[in-house]
Amino acid sequence: MSEIFESPFFGIALSIFAFWCGQMLNKKTGLLILNPLIIAIVLIIGILLLFKIPYEAYQQGGSIINMFLAPATACLAVSIYAKIQILKDNWLPILIGCSCGSLASMLSVYGLCRLFGLDDAMTASLLPKSVTTPIAVSIAESHGGVVPVTVVAVIFTGILGSILAPVLIRLFHVNDSMTAGLAIGASSHAIGTSKALEIGETEGAMSGLAIGICGIITVILSLFL
Amino acid sequence: MKIIKQTGIIFTICWLSIIIQQILPLPIPASVIGLILLFFCLLSRLLKVEHIQEKSDFLLSNMAFFFIPAGVGMMNYFDILKKNWFSLLIICILSTLITFAVTAFSIRFTLSLTKRRK
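As they're listed, the protein sequences go chains V and U. In this text, residue positions in the first sequence follow my numbering: the first is 1, and each later residue adds one. In this text, residue positions in the second sequence follow my numbering: the first is 1001, and each later residue adds one.
Among these hints, one or two may not hold up.
[As the list claims (entries may be wrong)] DSSO-like, lysine-lysine: derived pairs with alpha carbons at most 27 Å apart: (1) 88/V x 1048/U; (2) 1082/U x 1115/U; (3) 27/V x 1115/U; (4) 83/V x 1082/U; (5) 1082/U x 88/V; (6) 1048/U x 1002/U; (7) 52/V x 1002/U; (8) 52/V x 1048/U; (9) 1005/U x 88/V; (10) 1083/U x 83/V.
Hints are computed from structural coordinates only; laboratory data are not their basis. On a predicted model such as this, the values are computed, not experimentally measured, just so you know.
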């Protein structure tokens, strides 16, 4: 029975259908919490569990979609290049902002882990959670973290960032597109950036820039741990 | 043909960045190397934006969609999540808030300093 789900077409079609449902629901209700990505993930997990379809079967198609993450990240260069004047005029604030953000992320996670009494392995898994998945995983691995926890925390942080971004922009009165974009990218990497791209061109470009800069700064910071 | 050519250019950059990643001693992921590589190709006029415009618009405007499989992967870690879900939730929410605020305020502070100097 399960071989009919082994075709990559199944996973891809299911993902597209689930994402389309998510976007419809999001548009109809206008609720931030009904993020298309969350709806799609919940829907797919639900369908797989309900029909007892193995995760590996879904992953036949899933891995093909996943492959597009690398070229999509690389293409952020195009949006950054389009805003190169902002980068030239503001390189110092951008660099300082991303450094402070990366440091704040690691320190706050460390403090909160201690507060909740989590062990060293859990702490190491969560420390790099604000940066993009591949960087976070390699940092967690080299410090004795549990990689699955890192993956979940990174994705969760990203989704959280994409839900909270519009709220936080209003809450902290961030009325400058550059600042908003950098703060989104620094706190919630590429998933946040997908939201930033929806908010505006400059926000998207700056958020993409922050992924790269914060990623590299976090790698450097983690060498001192 | 246009889209195929553009896909070819972008995938070549992704492949080159994997080769660079193997050579570099630091744990920098291939996707970030790809970002830097493409940026320098554009900066040095080796590539023009027109060479990849449509493909890159397609990839960027559908970014959220490409994260679905990674998110579905969570279902393999239900047991770890069940044990720590509450502390994980609070830690993620608070540190996302703190990181956003610190980044925004430190940029605002630096901007006001540099403006005053001018």
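Status of each hint after checking the structure:
1. 88/V x 1048/U: Between residue 88/V and residue 1048/U the Cα gap is close to 19 Å, so the pair holds against 27 Å.
2. 1082/U x 1115/U: 50 Å, violated
3. 27/V x 1115/U: 41 Å, violated
4. 83/V x 1082/U: 43 Å, violated
5. 1082/U x 88/V: The hint is violated at about 47 Å.
6. 1048/U x 1002/U: Answer holds: residue 1048/U to residue 1002/U is near 14 Å, not above 27 Å.
7. 52/V x 1002/U: Outside the cut-off at roughly 42 Å; violated.
8. 52/V x 1048/U: Violated. Residue 52/V to residue 1048/U sits at ~48 Å, over the 27 Å cutoff.
9. 1005/U x 88/V: Outside the cut-off at roughly 31 Å; violated.
10. 1083/U x 83/V: 44 Å, violated
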